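The whole structure should be built from the sequences, with the hints applied where relevant.
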Amino acid sequence: MKSFFLKFGLTTALTVSLFNGKASAETNTDWASKCDASNTAIPSNQRTNCLLTYAAINADIPPEVVKAVALNESGWDQTKVSHDGGIGIMQITNQPRYDQQRLKDDIAYNIQAGLEILNEKYNLKKGDGSYLLPRINGANRHIIENWYFAVMAYNGNVPANSPLKQVDGSVNTNAYQEKVFRDIERQSYLRLDDKTPPVLAKYPFKTSDFEYNTNSSAPIIFKIPLYTINEGLHESPHFMKKGDIAYVTVDGAKLRPEPNTTESSTKPTPEKLSKYTTLTIYDEFQFDSKSRDNQFAWFKVKKSDGKIGFISSAYITKKNDLTKPSVSGVTNGKFYNKDVKIHFNEGTATLNGSRIKNDYLVTKAGSYTLEVKDSVMNTTIIKFTIDKTKPAIPTMNSVSDHSTTVTGTAEAGSTVKLYINHKLQKSVTAASNKSYKFAIAKQKSGTTVSVTATDKAGNVSSTKTLTVLDKTAPALPTVNKVSSKSRAVTGSAEKYATVKIYRGSTLIGQGSVYSSGKFSVAIKAQKTNTYLKVYVIDKSGNKSVRTIKVV
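To convert, take the position in the sequence shown, counting from 1, and add 3; that gives our numbering.
The hints are simulated quantities; they were obtained by calculation from the structure and are not laboratory data.
There could be a bad hint or two in this list.
Using 16 angstroms as the maximum straight-line C-alpha spacing, the simulated EDC-like pairs for lysine to aspartate or glutamate come out as follows [unchecked claim]: (1) Lys-321 - Asp-377; (2) Lys-459 - Asp-342; (3) Lys-459 - Glu-497; (4) Lys-205 - Glu-238; (5) Lys-386 - Glu-374; (6) Lys-344 - Asp-377; (7) Lys-322 - Glu-238; (8) Lys-305 - Glu-349; (9) Lys-303 - Glu-261; (10) Lys-322 - Asp-377; (11) Lys-168 - Asp-212; (12) Lys-367 - Asp-390; (13) Lys-310 - Asp-286; (14) Lys-275 - Glu-287; (15) Lys-305 - Glu-261; (16) Lys-321 - Glu-266; (17) Lys-205 - Asp-186; (18) Lys-107 - Asp-87; (19) Lys-305 - Asp-286; (20) Lys-367 - Glu-349; (21) Lys-322 - Asp-212; (22) Lys-445 - Glu-414; (23) Lys-344 - Asp-390; (24) Lys-244 - Asp-286; (25) Lys-306 - Asp-342; (26) Lys-305 - Glu-287; (27) Lys-275 - Asp-254; (28) Lys-310 - Glu-261; (29) Lys-245 - Glu-287; (30) Lys-278 - Asp-212; (31) Lys-376 - Asp-342; (32) Lys-327 - Asp-342; (33) Lys-182 - Asp-171; (34) Lys-245 - Asp-286; (35) Lys-391 - Asp-342; (36) Lys-293 - Glu-266; (37) Lys-437 - Asp-404; (38) Lys-303 - Asp-286.
Computed from a predicted structure; not experimentally measured.
Structure representation (structure tokens):
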């Protein structure tokens, strides 16, 4: 650790460790027992990896950050003592609060001291109690990118470590924290080279965010206390516990039978997993069983199909967000008879497989499947239909004044509404065979009966209307006495009905009933004892008949 801060009296004011509530003189390395190397001067690479990892977890700092800092400070070399007095793997410099000999002899003690100092940098505050170093809005300690400025301060928040070059606004690739974060990408996320797209999220820096004199070693003044980075932040997977849900972050990540990268014909072929595959953490992470160089850890995980294997920490992250995107404007299973606008609160969307923007207007009729996925593949699927075509006009079977049902056909699944004299009575759903049926009370002849069909989208058909038919026979006519001398048959019957007189099958007279209800039909004189049939026929053709005998 370089001593830029010491020149300005910032570090010397911090004499108490800010985690575990212990003074630096009581620096605790109990966590080192997990690696069985707390008193080993030159441990193996994987034991060093173990020590750095568990020290970081104990300090509630992402191990990826700690390992990259140690790599930049000493190349993980505990025996290193620098010309500026930096000691050991974490290059502890000018820190009299620590046992100087133990810093050289005890790697765990050296690591713990370095993490206490790094943690102090993270928590540096101004006189007003606000944080001195910028942070990411809403990010916690487990977010790797949130340690960017603490890493800078570990080396010194001086002009040489400005994130941007003031002269042209380009990234200062020689800044200490930029080197550390490149190593995080290479070692913990296996980024191949600088030509490969960056893994970690980038701050939206502007040169106006920082105030400093390039000709001075005075500390940088930070103008922006909080940065907003909406996507791409990385939470260290090392804090995941058994039972946590994780997802795969890259396509082709291998689920291996053992916690190492060795492959052979005698072992099962590793399964390649798709990005966003959901996994359940099956056990605590472990270190590579073969390689001395791999800095990442291995997690034993279980797939949704029950398969168990090992995956590198470089390729998974905890799935904290289990909430599906919300969608407005359309509802699953609904039909619409108008244009609809699709709005979603996050993620990306496809409609029938094609990418769409937010607030997309759908105008064409058809069946649609909308898929909205957020950054961790929580998915909302909505199926809907736009139908702007009216259903065909329903059919309706004739209705008489004897009818107690109304029947017919309409578009299958449509809502058929029944109106009597233009007043809504009830509704039913047309069956899959298109039939519908209503029960009704008997209606008077001349009553209008109407039906409409409304499809699932709300389109309404034209109206089918029928008039209730008169199927009731007129009352029997009253016929006055007819003698052999009579020249007419008289009596009373339904007004305006037709009266027909038959002798056998021969029509002998015909007339109409007057508005008074009386009738008189002229006939020729008939013989005594002749039988005559007097038919009364109403306007609907219904008949009644009375038989009389000529006297």
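Cross-check of the supplied hints:
1. Lys-321 - Asp-377: holds (15 angstroms)
2. Lys-459 - Asp-342: holds (15 angstroms)
3. Lys-459 - Glu-497: violated (49 angstroms)
4. Lys-205 - Glu-238: holds (14 angstroms)
5. Lys-386 - Glu-374: holds (9 angstroms)
6. Lys-344 - Asp-377: violated (19 angstroms)
7. Lys-322 - Glu-238: holds (10 angstroms)
8. Lys-305 - Glu-349: violated (29 angstroms)
9. Lys-303 - Glu-261: Roughly 9 angstroms between the alpha carbons, so the hint for Lys-303 and Glu-261 holds.
10. Lys-322 - Asp-377: holds (12 angstroms)
11. Lys-168 - Asp-212: Status holds; Cα separation ~12 angstroms.
12. Lys-367 - Asp-390: holds (9 angstroms)
13. Lys-310 - Asp-286: Given pair Lys-310, Asp-286 holds - Cα atoms ~14 angstroms apart, limit 16 angstroms.
14. Lys-275 - Glu-287: Measuring from Cα to Cα gives roughly 22 angstroms; hence the hint is violated.
15. Lys-305 - Glu-261: holds (13 angstroms)
16. Lys-321 - Glu-266: violated (27 angstroms)
17. Lys-205 - Asp-186: holds (15 angstroms)
18. Lys-107 - Asp-87: With Cα atoms ~15 angstroms apart, Lys-107 and Asp-87 stay inside 16 angstroms; holds.
19. Lys-305 - Asp-286: With a Cα-Cα distance of about 10 angstroms, the restraint between Lys-305 and Asp-286 holds, given a limit of 16 angstroms.
20. Lys-367 - Glu-349: violated (25 angstroms)
21. Lys-322 - Asp-212: Roughly 33 angstroms separates the two Cα atoms, so the pair is violated.
22. Lys-445 - Glu-414: violated (26 angstroms)
23. Lys-344 - Asp-390: holds (15 angstroms)
24. Lys-244 - Asp-286: holds (7 angstroms)
25. Lys-306 - Asp-342: violated (42 angstroms)
26. Lys-305 - Glu-287: Roughly 13 angstroms between the alpha carbons, so the hint for Lys-305 and Glu-287 holds.
27. Lys-275 - Asp-254: holds (8 angstroms)
28. Lys-310 - Glu-261: holds (13 angstroms)
29. Lys-245 - Glu-287: holds (6 angstroms)
30. Lys-278 - Asp-212: violated (36 angstroms)
31. Lys-376 - Asp-342: violated (23 angstroms)
32. Lys-327 - Asp-342: Status violated; Cα separation ~25 angstroms.
33. Lys-182 - Asp-171: violated (20 angstroms)
34. Lys-245 - Asp-286: holds (5 angstroms)
35. Lys-391 - Asp-342: Holds: Lys-391 and Asp-342 sit about 9 angstroms apart, inside 16 angstroms.
36. Lys-293 - Glu-266: Holds: Lys-293 and Glu-266 sit about 11 angstroms apart, inside 16 angstroms.
37. Lys-437 - Asp-404: violated (25 angstroms)
38. Lys-303 - Asp-286: Since the Cα atoms of Lys-303 and Asp-286 sit roughly 6 angstroms apart, the hinted pair holds (cutoff 16 angstroms).
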